[in-house]
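Q: Numbering (my numbering), first residue to last: 4 to 276.
No wet-lab data here; the hints were simulated from the structure. A portion of the hints provided could be inaccurate.
Stated by the list, open to error - Using C-beta positions, here's what the derived DEER-type ranges look like:
no.: 1; residue 1: R155; residue 2: V201; range: 45 to 53 Å
no.: 2; residue 1: M4; residue 2: E230; range: 29 to 37 Å
no.: 3; residue 1: V201; residue 2: D71; range: 50 to 58 Å
no.: 4; residue 1: N61; residue 2: C41; range: 28 to 36 Å
no.: 5; residue 1: E266; residue 2: R65; range: 50 to 58 Å
Glycine included, each C-beta is placed from N, C-alpha and C at the ideal position.
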Amino acid sequence: MRTIWKGAISFGLVNIPIRLATATSKKNVRFRMLHNKCKSPVNMVRHCPACDVDVEYNDLVRGYEYEDNKFVVLRDEDFDNIPVKSTKTIDIIDFVKLDEIDPVYYIKTYYLGPAEGGEKPYLILRRAMEKTGKVAISKITIRKKESLAVIRVLNGVLALETMYFSDEVRSTGELNLETLEQKIELAEKEEEMAVEIVNNLTDQFEPEKYTDQYREELMKIIRDRVEGKEVEIAPERETENKILDLMDKLKASVEASEKEASEKKEKKGKKTG
4 MRTIWKGAIS FGLVNIPIRL ATATSKKNVR FRMLHNKCKS PVNMVRHCPA CDVDVEYNDL
64 VRGYEYEDNK FVVLRDEDFD NIPVKSTKTI DIIDFVKLDE IDPVYYIKTY YLGPAEGGEK
124 PYLILRRAME KTGKVAISKI TIRKKESLAV IRVLNGVLAL ETMYFSDEVR STGELNLETL
184 EQKIELAEKE EEMAVEIVNN LTDQFEPEKY TDQYREELMK IIRDRVEGKE VEIAPERETE
244 NKILDLMDKL KASVEASEKE ASEKKEKKGK KTG
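Start from the sequences and build out the full structure, keeping to the hints where you can.
A: Okay, here's the thing in structure tokens:
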């Protein structure tokens, strides 16, 4: 697992040397852009319209547009000289309960491993977090960007989740739904059936049973094309031309969820049997 950042966790007066590695790997289907006429890969060119020349990557600089078409240029040394503690250390600010953090704040997961000499303090911090059931709110700077982060214990190791700052999370008030319950009256039976559907479809979270069906079907089309096969498109299923009101839909959903719940129990029984 490749280390992408080295530093230390600041835990009280204790510094824990650590290595940071990416915990996830997004499996996208990647494409090259081709010229439709000859099917050759097309180069994506960086072009300066003012000089009318193509620009090499090494000739690019970062510019912040402070007014329309007016820029201030920042060099690498400007970023390196920012006096922020999190550029070198992960500074623990607070310990909180994990369920107090809404998932909307999470961005990306990393694994934290002890660097040489950091094994014992790493283990002490991990044990303390396990015994208290707390997670650590901290800050870290990765690739010249400071992020809020939470450190937690995951499968026996420390994991770090980068997070959005509060001013980066948009307010739900922008949806203007405050008066929704005042405008719409729900029947008690409708709520009861909705709860019944939720209960019938409730199960333990097993991440391996959820697969990216779109990616699988896309790769099947690609493999068929490589092998020179014609791509077969399944006909769309005919839907009943029947208008159902909300109550009818809820009733049908309850019946379908009961059937699905029964089939799940039957499958689990066969696995354990």
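Q: All hints are to be evaluated individually against the structure, with a verdict given for each.
A: Hints, one by one, checked against the model:
no., hint, in the structure
1, R155 / V201: 45 to 53 Å, "27 Å, violated"
2, M4 / E230: 29 to 37 Å, "35 Å, holds"
3, V201 / D71: 50 to 58 Å, "51 Å, holds"
4, N61 / C41: 28 to 36 Å, "30 Å, holds"
5, E266 / R65: 50 to 58 Å, "56 Å, holds"
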